[in-house]
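Chemist: In terms of the UniProt record's numbering, the numbers along the sequence shown are unbroken and rise by one, the last being 86.
Calculated directly from the structure, the hints in this document are not laboratory data. Note that the structure is a prediction, hence the values are computed from the model and not measured. Hints should not be assumed to be uniformly reliable.
[Said to hold, decoys possible] Straight-line alpha carbon distances no greater than 25 Å define the calculated SDA-like cross-link-like pairs of lysine to any residue that follow:
1. 83 <-> 16
2. 83 <-> 72
3. 83 <-> 44
4. 83 <-> 22
5. 83 <-> 19
6. 83 <-> 17
7. 83 <-> 23
8. 83 <-> 37
9. 83 <-> 73
10. 83 <-> 39
11. 83 <-> 28
12. 83 <-> 40
13. 83 <-> 45
14. 83 <-> 62
15. 83 <-> 64
16. 83 <-> 27
17. 83 <-> 20
18. 83 <-> 46
[To be verified] Label-pair restraints from in silico Cβ distances:
19. 17 <-> 53: 34 to 40 Å
20. 59 <-> 22: 35 to 41 Å
21. 16 <-> 45: 16 to 22 Å
22. 47 <-> 68: 21 to 27 Å
23. 64 <-> 20: 37 to 43 Å
24. 44 <-> 83: 19 to 25 Å
25. 23 <-> 63: 15 to 21 Å
26. 59 <-> 23: 22 to 28 Å
27. 39 <-> 17: 20 to 26 Å
28. 17 <-> 71: 17 to 23 Å
29. 22 <-> 57: 24 to 30 Å
30. 22 <-> 64: 15 to 21 Å
Backbone N, C-alpha and C define an ideal beta-carbon position, used for all residues, glycine too.
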Amino acid sequence: MVDGGAGSAEQPGAPATPRARARSAALWGVVGGFAFLALAQGYRLLGPGSLPVGYWGLALVAFAVAVASAGLAYVAEVRLRAKRRT
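Build out the structure end to end from the sequences listed, making use of the hints.
Modeler: Right, dumping it as structure tokens:
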């Protein structure tokens, strides 16, 4: 049977390793944090005025969004994989 050069490819529905889940969740956290910063920058550029927090406040909120996104991605991956929706 031809392997396709994938090496040890995981089967669909196979449980992910904890390291792979943590890495995936961390990357989703980064995406969430940068998405918030992009939206905040767009609001500052095009919105009616400035935001009620300064740059450090935006950084703190972006960090909180990143942590929340990573946590939700880590928890949701198990449920999605159990339902075979990944």
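Chemist: Of the numbered hints stated earlier in the document, which are not met by this structure?
Modeler: 3, 8, 10, 12, 13, 14, 15, 18, 20, 21, 23, 24, 27
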